[in-house]
Amino acid sequence: TQLLEQSPQFLSIQEGENLTVYCNSSSVFSSLQWYRQEPGEGPVLLVTVVTGGEVKKLKRLTFQFGDARKDSSLHITAAQPGDTGLYLCAGGSSNTGKLIFGQGTTLQVKP
Amino acid sequence: NAGVTQTPKFRVLKTGQSMTLLCAQDMNHEYMYWYRQDPGMGLRLIHYSVGEGTTAKGEVPDGYNVSRLKKQNFLLGLESAAPSQTSVYFCASSYPGHGYTFGSGTRLTVV
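Same order as they appear, the protein sequences are chains A and B.
Each residue of the first sequence is one higher than the last, beginning at 1 in our numbering.
Each residue of the second sequence is one higher than the last, beginning at 1 in our numbering.
Treat the hints with care, since some could be wrong.
[As the list claims (entries may be wrong)] Quick look at which bits of chain B chain A covers, simulated, 3 or more residues with Cβ under 8 angstroms: (1) 34 to 42; (2) 70 to 83; (3) 86 to 100.
[Stated by the list, open to error] In silico lysine-lysine, DSS-like type, Cα no more than 30 angstroms apart, as pairs: (4) A:K70 x A:K98; (5) A:K70 x A:K56; (6) A:K56 x A:K98; (7) B:K57 x A:K110; (8) A:K110 x A:K56; (9) B:K57 x A:K98; (10) B:K9 x B:K71; (11) B:K70 x A:K98; (12) B:K57 x B:K9; (13) A:K59 x A:K110; (14) B:K14 x A:K70; (15) A:K98 x B:K71; (16) B:K70 x B:K57; (17) B:K14 x B:K57; (18) A:K70 x A:K57.
[What the hints assert, rightly or not] Simulated restraints, written as ranges between beta carbons of each label pair: (19) A:L58 x B:K57: 32 to 38 angstroms; (20) A:V50 x B:M19: 37 to 43 angstroms; (21) A:S93 x B:M19: 29 to 35 angstroms; (22) A:P111 x B:M19: 27 to 33 angstroms; (23) B:G3 x A:P39: 15 to 21 angstroms; (24) A:E41 x B:M19: 43 to 49 angstroms; (25) B:Q17 x A:L58: 42 to 48 angstroms; (26) B:K14 x A:G16: 33 to 39 angstroms; (27) A:V50 x B:T20: 34 to 40 angstroms; (28) B:P96 x A:T77: 47 to 53 angstroms; (29) A:Q14 x B:S104: 42 to 48 angstroms; (30) A:L58 x B:S84: 35 to 41 angstroms.
In short, the hints are calculated from the structure, not lab data.
From the three backbone atoms N, C-alpha and C, an ideal C-beta is built for every residue, glycine too.
Construct all of the structure, not just a fragment, from the sequences and the given hints.
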């Protein structure tokens, strides 16, 4: 059974601080995706990484896929209250399109 | 653009009752999925479909059935609801190997 462990589960920080969320597994994935979910809504795709060592930037968000394609990180620079939400990582299988999701990291950014 | 539409948005069932959740997508996606989301457990895959007329079991299929008679629709059925099925249910669709588009969810309470 493939598992994805996210850490930390909860994070409460002040506006302007930096943070990193980790997503780890003992399994190799063909792709790793990050989603952001707001209360009462479905998750929304932020990024997909497919190559070991790949780094993608989305404004103040930086995503990295581990060299062995077993782990990933999300780094947010100068967090803002609008970044508040649940962040989910998900590992993909190329055969079925199925995604295995981590438990999520709840981020609260205080003004 | 409608994307993925789930109906109903909220439902309260009595133990033993049955119901069907409807998911409709207008993006011509091949793959469709049903997940449930529970606190601290992330998203868990119930059933999925890689094409019209095909379905497969996910991680937590017991107590649920699905059908995909048309490419754009994926139905999730609960034959005899149990309190353990109280959850938020999300439908998603995708092209093979691409990120998911999620619906806004159905909040189900079984009393």
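Checklist entry - Tell me, which hint numbers fail for this structure? => result 2, 7, 14, 22, 24, 26, 28 and 29
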